[in-house]
Each structure stands twice: as structure tokens, then as C-alpha cells.
Amino acid sequence: MSTPITLTDLEDIMRRCAGEDETTSPLEQGPHEPFDELGYDSLALLETLNHIQRDYGVQISDDELDSAKTPRQLLDLVNRRLGVA
Amino acid sequence: MPGQGAQYPGMGTGLYRRLEPFRTALDEVFDALGPAGTALREDWLSAAPRIPSDDARSSQPLLFALDYALGRVLLELGLQPVYALGHSVGELSAAALAGVFDLRDALAILQQRVAAVGSAPAGGMVAVAATRSEIEPRLIPGVDVAAVNAPRQVVLAGPREPLQAMVQALREDGFTCAPVPSQAPFHSTALRPLADAALPLLKSIPVHPAQLSIFSGYTTQPLGPEQTEDPSYWAAQPVDPVLFWPALSNLSEHEPDVLIECGPGTSLITHARRLPAVRNGRCAVVSLLGPPRNGPGAEFDHFSAAITALVPGQDYIGG
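Read top to bottom, the protein sequences are chains A and B. Counting along the first sequence from 1, when you hit position 52 you're at 89 in my numbering, and nothing is skipped either side. Counting along the second sequence from 1, when you hit position 147 you're at 1253 in my numbering, and nothing is skipped either side.
One chain only, chain A, in its complex shape:
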């Protein structure tokens, strides 16, 4: 049984991808905001996905990634794929 990915885990990954310092949270505005409004463009999102795929051993297609518009949606997608949602 896989461990689910949590919002905090996603936040950590997103912060690493952004090259951000520890004082600012990428999810300050909330997990239901569209990624671009959080400052994550398609490349940053692709990188986030690559990290998730590596760290959690899941495979997610570009099309599926397109359907995840917010951090919450991405979390749900990954956890569904992990079988823990």
C-alpha cells in the first residue's frame, strides 16, 4: 500500500522546483488556485510532475497533467494513481 502524497509534500516539491527560499510558501494563496496564479507556468509544472514521478514512482501523462489545474487537483490525481485516493 503506497503512502499518499500530502499537500505539504507537494509544497516541498514545488518550492524546490521554484528555487525558492524557505520563507515563502508556494501555496500561500491556497491549493485551489490555478497554477499560473501561483507563479507556476507549464515548465515549472512539468518539472513538478517529473519530481513527483521520480519520488512516488507514478506515471502521469501530459494529457492527465493538463487536466490538473490546481495543486489540489494534482494531489488528487497522483493519489488516485497511487491507489490511495
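Derived by calculation from the structure, the hints in this document are not laboratory data. Bear in mind the structure is a predicted one, so any value in this text is a computation, not a measurement. C-beta atoms are modelled at their ideal positions from N, C-alpha and C, and glycine is treated no differently.
Covered, in the sense of this in silico footprint (three residues per stretch, anywhere, with C-beta under 8 Å from a C-beta of chain A), are these stretches of chain B:
| # | segment |
| --- | --- |
| 1 | 1255-1263 |
| 2 | 1369-1381 |
One side only, chain B facing chain A, incomplete, derived with CB under 7 Å:
| # | residue |
| --- | --- |
| 3 | A1233 |
| 4 | A1235 |
| 5 | T1282 |
| 6 | A1284 |
Dock chain B against chain A, hints included.
Only chain B this time, still in chain A's reference frame:
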């Protein structure tokens, strides 16, 4: 003011159809382009454009036109921007808006660049999620850093083969890469002949004092007459890297209240959301046309809301 990479089909067409001052300013640009402008406008407005939106023959003049026309509308509304920061061709739009070049002369510079690009080696541009210091030791001959857009976003450009080889090597090392929509290797040494070829034209074009301060994406500082009056500063732009993030960071030290995406899409304000001043709420970000995913039909309402927020006491109706 965004440049290559920000284009998408139908961009600005919604606002063009509904906002008279915007239509007027845009038509001024199309008319100044002559028959090529008439054809471009028709293609841009058509349901099935013949020229792909990523093709420089379409994207470069359209990006220029949209950046410039939106800027004109803002100025006409009484907004007094402290700085204009352009990305790639956006800096030429800023120069025209600031009156450094007459509109027709700016367009002549643009048209000459686009025509020259057609004879450059085929190549492309790729965005990499990496810092400049991670990328530089890995550069292979022919591939250059074309832009630094964010703390971990570098754009590479070069002729097709070396670029593909480099991307492959980067991916093998675990770097995330994504192609940038461009059919030419902008901001790479492959376009050096363009810089040389542009000098005679630039030397012949009169330069006027800037009516609006331009923040340079190349020097990463405000432009002075020593650059604006130097033909080789403008000639080198298609070749030199766009240091957008360093320029934006420096601009941020001037404590802006708001950063406005004065062109299509939201790509520049998306990067700007990484600024500490924006994260902390000290500086707002606003786009004028809204995200591409909302489509041209949403542009007018989005623009109206943006103006209402930007111009005190202005309940923007327009039309």
C-alpha cells in the same frame, strides 16, 4: 511587454472587436505595415489563419502590435507607468511606445529582423528548469543561453542539431525541458549576421528622447541615451540573451505598486509572482488580456476589470 513565446491564436482579437481605442491603435500599426499589415490583420482575425501563430512572420509583428496598442490605451487613460520592461521584441514595442523610434521606423526594424531570420539556420528554443549556473558548464558549441526568465528557468537557443543534442544530454541528467514555440533560434549567436545586417538601417533611423523610462532586458538596468542612441544596442537584440529575471529583480528594487502584463497572455506576470514583493503583497500583478485559456471572448470583460482596478475612479465601459 511580452515577446516570442507569448503568442497564441486569436490573441487580442476579442478586445479588438469591442474596444475602439484599442482597435484604433492596432489599426495604426497594421496600416503602417502597408499591404503586409492588411494581410496580417486579415489572417489574424480569420477563423483559420494561414500562417501558424508561432511563425515569426506572424508572431513578431502581432506581439509588437498588441504590446504597443495596449500601452497606448493605458497612456490615453492617463496611467503614468514608471518603467516599461520588454521581453525580446517587447523591448522594441516599449521603445516605440516611449517615442524613442517613430512607429514606422520601429516597424522597419522589426520587418528587417523578421526577413533576416528567414535566412538564418533552422533552429529552435527550449526552456529548461535549471539555473544559469547549472546550465553554463553544460553548454555545447552552437547552443546559447537565450533568456533567463525565472530563478529556475533558462531558455536555450541554437541550430536544430546541437540544440537537440544538448536537450538529450540535459534530460539524461534529469533536467526538465520543454520546447518554446519558436521556429527560429532567437537570442543565439546563430543570428549574429542579423545584428551586422541591421546596422545600416539603425544608423539611418532618428532616435528621440524617451518619453517613458525603459528598463532594459539586456543591460538589466534603466536605459539611458548612451544605449538608446547607439545603433549597435538595438542591432544586437536578436542575438543577445534576454536577462528578464535579473532585470525584473532590479526593477522590483524600485518598489513598484503594480506590474502590468502589457501584451497577450500572462507569461511575464506568472514569472513576476516569484518576486518576494509580489508574494508579500507589496506589489500587485495584473494582465490586460487575461490567460489564453479563457479565449478572446473573455478579453473585453477582463480588460475592463483590469482598468477599473488600475485607474482610480474609472468605471471602464469603453466599446
